[in-house]
Amino acid sequence: MDKKHFLIFLTLLIFFIPKMTFAQQLSPEEIKLQKDKIKYKAYVPAKYHLFEAIEGDLNKDGKKDLVLIVKATDSRAFVNDEYRGRLDRNRRGIIVLLNEKGKYKQIVKNLGCFSSENEDGGVYFAPELWINIEKNLLHVHYGHGRYGYWDYSFRLQKHDFRLIGYDSSSNHGPYIESETSINFLTNKKLVRTNTNPDEEGDPKFREKWAMIKTSSIFLSQVKDFDELSF
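Using UniProt numbering, the first residue of the sequence shown is number 1, and each one after it goes up by one.
Derived by calculation from the structure, the hints in this document are not laboratory data. Every residue, glycine too, gets a C-beta built ideally from N, C-alpha and C. Among the hints, a few may not be true.
[As the list claims (entries may be wrong)] When the alpha-carbon atoms are kept at most 25 Å apart in a straight line, the in silico DSS-like pairs for lysine-lysine are as follows:
{"id": "1", "residue 1": "K64", "residue 2": "K109"}
{"id": "2", "residue 1": "K101", "residue 2": "K41"}
{"id": "3", "residue 1": "K204", "residue 2": "K135"}
{"id": "4", "residue 1": "K60", "residue 2": "K105"}
{"id": "5", "residue 1": "K35", "residue 2": "K103"}
{"id": "6", "residue 1": "K135", "residue 2": "K64"}
{"id": "7", "residue 1": "K158", "residue 2": "K47"}
{"id": "8", "residue 1": "K135", "residue 2": "K188"}
{"id": "9", "residue 1": "K158", "residue 2": "K60"}
{"id": "10", "residue 1": "K135", "residue 2": "K63"}
{"id": "11", "residue 1": "K39", "residue 2": "K63"}
{"id": "12", "residue 1": "K47", "residue 2": "K32"}
{"id": "13", "residue 1": "K109", "residue 2": "K223"}
[To be verified] Per label pair, the in silico range of CB-to-CB distance:
{"id": "14", "residue 1": "L33", "residue 2": "A77", "range": "18 to 26 Å"}
{"id": "15", "residue 1": "R84", "residue 2": "N132", "range": "26 to 34 Å"}
{"id": "16", "residue 1": "E82", "residue 2": "S215", "range": "39 to 47 Å"}
{"id": "17", "residue 1": "K32", "residue 2": "R86", "range": "22 to 30 Å"}
{"id": "18", "residue 1": "G165", "residue 2": "K64", "range": "19 to 27 Å"}
{"id": "19", "residue 1": "N183", "residue 2": "K39", "range": "32 to 40 Å"}
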């Protein structure tokens, strides 16, 4: 190999190796997000970027509808944390689009209902947000590791999504302290309290039913999921 071709080869090597290394470091989720940012760019408002895209059938027509989790890009929401460095505290929102003959039609847009993934969790990490579609229902799920979880179930109703169910579990590690389930269609609330003090034993639940009074809650109207309480 002469000097000229060697220099060309070396230049190409220097150019491609960092890109190959970077690509190898990306997780499947990160690669998907990169593609989704391009694919769904037209549906993301200005001054927001795509945080996650979820597909699934929301109206029982067999077609994949689309849920976009978006995040604001306001530089004023960045903070410097003593232990975690510079953090993006911009809030997140949700956009729901139905698939109509291969084109997406926006049904719901709520751009600030979720807190940042970088919120201060106190002595523990902040709850982790998961959005999924199951059995035509839109689930907003918060997982809090050893402390349990809470889950909101929404169903399409006309041009919005109505909250029809709530489920939560209050844990202390593997020990379940209590579980709560609410059916907002019947306004019935079930609280199951573990009466077994043995953390290593099987839970023994005492059940308590109650009727609750609440107005219908729609996804487009939720200002902050952190402030919902029943």
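For each hint, the structure was consulted:
1. Our distance criterion of 25 Å between C-alpha atoms is met by K64 and K109, whose separation comes to about 18 Å.
2. This hinted pair checks out: K101 and K41 have alpha carbons roughly 20 Å apart, not beyond 25 Å.
3. Only pairs whose Cα atoms come within 25 Å are accepted, and K204 paired with K135 is rejected, the gap being roughly 30 Å.
4. The suggested pairing of K60 with K105 holds, with an alpha-carbon distance near 16 Å, which does not exceed 25 Å.
5. Restraint check for K35 and K103: satisfied, since their Cα atoms lie roughly 18 Å apart, inside the 25 Å limit.
6. The hinted pair formed by K135 and K64 meets the criterion: a straight-line CA distance of about 12 Å does not exceed 25 Å.
7. Among the hinted pairs, K158 with K47 is inconsistent with the structure: their alpha-carbon atoms are about 29 Å apart, more than 25 Å.
8. Between K135 and K188 the alpha-carbon distance is near 21 Å, which keeps this suggested pair within the 25 Å criterion.
9. Between K158 and K60, the direct Cα distance comes to roughly 13 Å. Compliance with the 25 Å bound is thereby established for this hinted pair.
10. The suggested pairing of K135 with K63 holds, with an alpha-carbon distance near 13 Å, which does not exceed 25 Å.
11. Proximity of K39 to K63 is assessed by CA-CA distance (about 18 Å); at most 25 Å being required, the pair is judged to hold.
12. Restraint check for K47 and K32: satisfied, since their Cα atoms lie roughly 21 Å apart, inside the 25 Å limit.
13. About 12 Å separates the Cα atoms of K109 and K223, which keeps this hinted pair within 25 Å; it holds.
14. Checked against the hint of 18 to 26 Å, the C-beta distance between L33 and A77 comes to roughly 20 Å, which is consistent with it.
15. In this structure the supplied range 26 to 34 Å holds for R84 paired with N132, their Cβ-Cβ distance being about 27 Å.
16. For E82 and S215, the Cβ-Cβ distance of about 42 Å falls inside the hinted range of 39 to 47 Å, so the restraint holds.
17. About 26 Å separates the C-beta atoms of K32 and R86, a value consistent with the hinted range of 22 to 30 Å.
18. Between G165 and K64 the Cβ separation comes to about 23 Å, which falls inside the hinted range of 19 to 27 Å.
19. Between N183 and K39, the C-beta spacing of about 37 Å keeps the proposed range 32 to 40 Å intact.
Of the numbered hints listed earlier, those contradicted by the structure are 3, 7.
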